[in-house]
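Asks: Sequences are here, hints too, so could you generate the full structure?
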Amino acid sequence: MSARRLALLSLAALLIGAALPVATASAADGGLLCQLLGIGCPPPDPGPGPNPGPPTTPTTPTTPTGSTTDATETTDTTTTGTQTVPTPPDDGRHCVPGVGKVENGKVGPIEIGDGAQRVVNHAGALPRHLEPGLIRYCVKGGGRIDVTFHAGRVAMAVTRAQGYRYKQLGPGDPVAGLRKGAKGAHKNKAAGFRIDHVLIGEDGGFVKYVAPVSHALLHDRNALKHHLRRAGV
233 MSARRLALLS
243 LAALLIGAAL
253 PVATASAADG
263 GLLCQLLGIG
273 CPPPDPGPGP
283 NPGPPTTPTT
293 PTTPTGSTTD
303 ATETTDTTTT
313 GTQTVPTPPD
323 DGRHCVPGVG
333 KVENGKVGPI
343 EIGDGAQRVV
353 NHAGALPRHL
363 EPGLIRYCVK
373 GGGRIDVTFH
383 AGRVAMAVTR
393 AQGYRYKQLG
403 PGDPVAGLRK
413 GAKGAHKNKA
423 AGFRIDHVLI
433 GEDGGFVKYV
443 APVSHALLHD
453 RNALKHHLRR
463 AGV
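Residues in the sequence shown are numbered consecutively from 233, following the working numbering.
It is possible that part of the hints are untrue.
Said to hold, decoys possible - Label pairs and their computed distance ranges (CB to CB): (1) 408 <-> 384: 28 to 34 Å; (2) 349 <-> 326: 25 to 31 Å; (3) 399 <-> 421: 34 to 40 Å; (4) 409 <-> 464: 24 to 30 Å; (5) 345 <-> 436: 29 to 35 Å; (6) 437 <-> 350: 34 to 40 Å; (7) 349 <-> 413: 36 to 42 Å; (8) 447 <-> 349: 34 to 40 Å; (9) 416 <-> 345: 19 to 25 Å; (10) 447 <-> 354: 18 to 24 Å.
Unchecked claim - Here are the simulated lysine-lysine pairs, BS3-like style, with alpha carbons at most 25 Å apart: (11) 440 <-> 338; (12) 399 <-> 372; (13) 372 <-> 421; (14) 457 <-> 440; (15) 440 <-> 333; (16) 457 <-> 338; (17) 415 <-> 333; (18) 333 <-> 419; (19) 338 <-> 372; (20) 440 <-> 421; (21) 457 <-> 415; (22) 333 <-> 372; (23) 457 <-> 419; (24) 399 <-> 440; (25) 333 <-> 399; (26) 419 <-> 372.
Derived from the structure by calculation, the hints contain no laboratory data.
What you are looking at is a predicted structure, and each value in this text was computed from that prediction instead of being measured.
Yeah, the Cβ is synthetic: ideal placement off N, Cα and C, and Gly gets one too.
Replies: Here it is in structure tokens:
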């Protein structure tokens, strides 16, 4: 099984709450999973004690005759909990395109009802962050797209990138017209406004995010609030 195939299967398993053993991967495959998806990484070195002190610049000490000195190499890492998760470079190549169209049930190539593997195959970039029920992508030029799942299918796709627009409305635009019913907008207690099956989040009089949602999620306020919290909005 190729490393790419194993990575996709591991991602799909995470998103539906399954437990695919990372131990089945070879050492090379495990390193790729850690680098691309942040899973299967070795735990960080706890150090010599509870308070090892600040790192020091390696020097070449003068060693008395008859004695030896052990040299220790240190490496900077970004840690999350008990896992060491390398931070991928944010140079644009790892992000989805900066401009896209939002429609009922769709943000760019990501559609409501898609499975996890289809999202990964069509997004145009590797995930920036993932956890059970959530995939997050960075967007070229700034912003992000958070994709939440229910029963292994996309239930909501939230974009905070200014290049993604719904009916010529996108993050950063004023919401004054929406309060008067422009574009067919209705007030929504969970988000701010709703147009058809698209939520328009408000923050300080401006659009914070645009989020197509599934029909079932739109009519379940508690579930909708849960998915918005999962997406971080």
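Asks: Hint by hint, note whether the structure agrees.
Replies: To see whether the hints hold, each was checked on the structure:
In this structure the hint that residue 408 and residue 384 lie 28 to 34 Å apart at CB is violated, the actual value being about 40 Å. Here the CB-CB span from residue 349 to residue 326 is close to 19 Å, at odds with the stated 25 to 31 Å. Between residue 399 and residue 421 the beta carbons are some 22 Å apart, a value that contradicts the proposed interval 34 to 40 Å. Between residue 409 and residue 464 the beta carbon distance is about 26 Å. The supplied range of 24 to 30 Å therefore holds.
As the Cβ distance of residue 345 to residue 436 is approximately 33 Å, the hint placing it in 29 to 35 Å holds. For the pair residue 437 and residue 350, the supplied restraint of 34 to 40 Å holds, since their beta-carbon distance comes to about 37 Å. The hinted window of 36 to 42 Å between residue 349 and residue 413 holds, with their beta carbons roughly 40 Å apart. Hint check: residue 447 to residue 349, Cβ distance near 23 Å, so the stated range 34 to 40 Å is violated.
Taken as a hint, the range 19 to 25 Å holds for the pair residue 416 and residue 345, whose Cβ atoms sit roughly 23 Å apart. Remark: the range hint 18 to 24 Å for residue 447 to residue 354 is upheld by a beta-carbon distance near 22 Å. With a C-alpha separation of about 18 Å, the suggested pairing of residue 440 with residue 338 holds against the 25 Å cut-off. For the hint linking residue 399 to residue 372, the alpha-carbon distance of about 21 Å falls within 25 Å, and the restraint holds.
In summary, the hint linking residue 372 to residue 421 is not supported, as the alpha carbons are separated by about 31 Å, beyond the 25 Å threshold. Under the criterion of a C-alpha separation no larger than 25 Å, the hint pairing residue 457 with residue 440 is consistent with the structure, at around 16 Å. Of the pairs offered as hints, the one joining residue 440 and residue 333 holds, with about 16 Å between alpha carbons and a cut-off of 25 Å not exceeded. Distance check on the hinted pair: residue 457 and residue 338 sit about 20 Å apart at the alpha-carbon level, within 25 Å; holds.
As the CA atoms of residue 415 and residue 333 are separated by approximately 16 Å, the hinted pair is consistent with the 25 Å bound. Between residue 333 and residue 419 the CA atoms are separated by roughly 23 Å; this keeps the pair inside 25 Å, and the hint holds. In summary, the hint linking residue 338 to residue 372 is supported, as the alpha carbons are separated by about 19 Å, within the 25 Å threshold. The straight-line distance between the Cα atoms of residue 440 and residue 421 is roughly 15 Å, inside the 25 Å bound, and the hint therefore holds.
A C-alpha spacing of about 24 Å is found between residue 457 and residue 415, which places the hinted pair at or below 25 Å, so the restraint holds. At roughly 15 Å between alpha-carbon atoms, residue 333 and residue 372 fall within 25 Å of each other, so this suggested pair holds. About 15 Å separates the Cα atoms of residue 457 and residue 419, which keeps this hinted pair within 25 Å; it holds. Between residue 399 and residue 440 the alpha-carbon distance is near 15 Å, which keeps this suggested pair within the 25 Å criterion.
As the CA atoms of residue 333 and residue 399 are separated by approximately 9 Å, the hinted pair is consistent with the 25 Å bound. Among the hinted pairs, residue 419 with residue 372 is inconsistent with the structure: their alpha-carbon atoms are about 31 Å apart, more than 25 Å.
The structure fails hints 1, 2, 3, 8, 13 and 26 (numbered hints given earlier, in ascending order).
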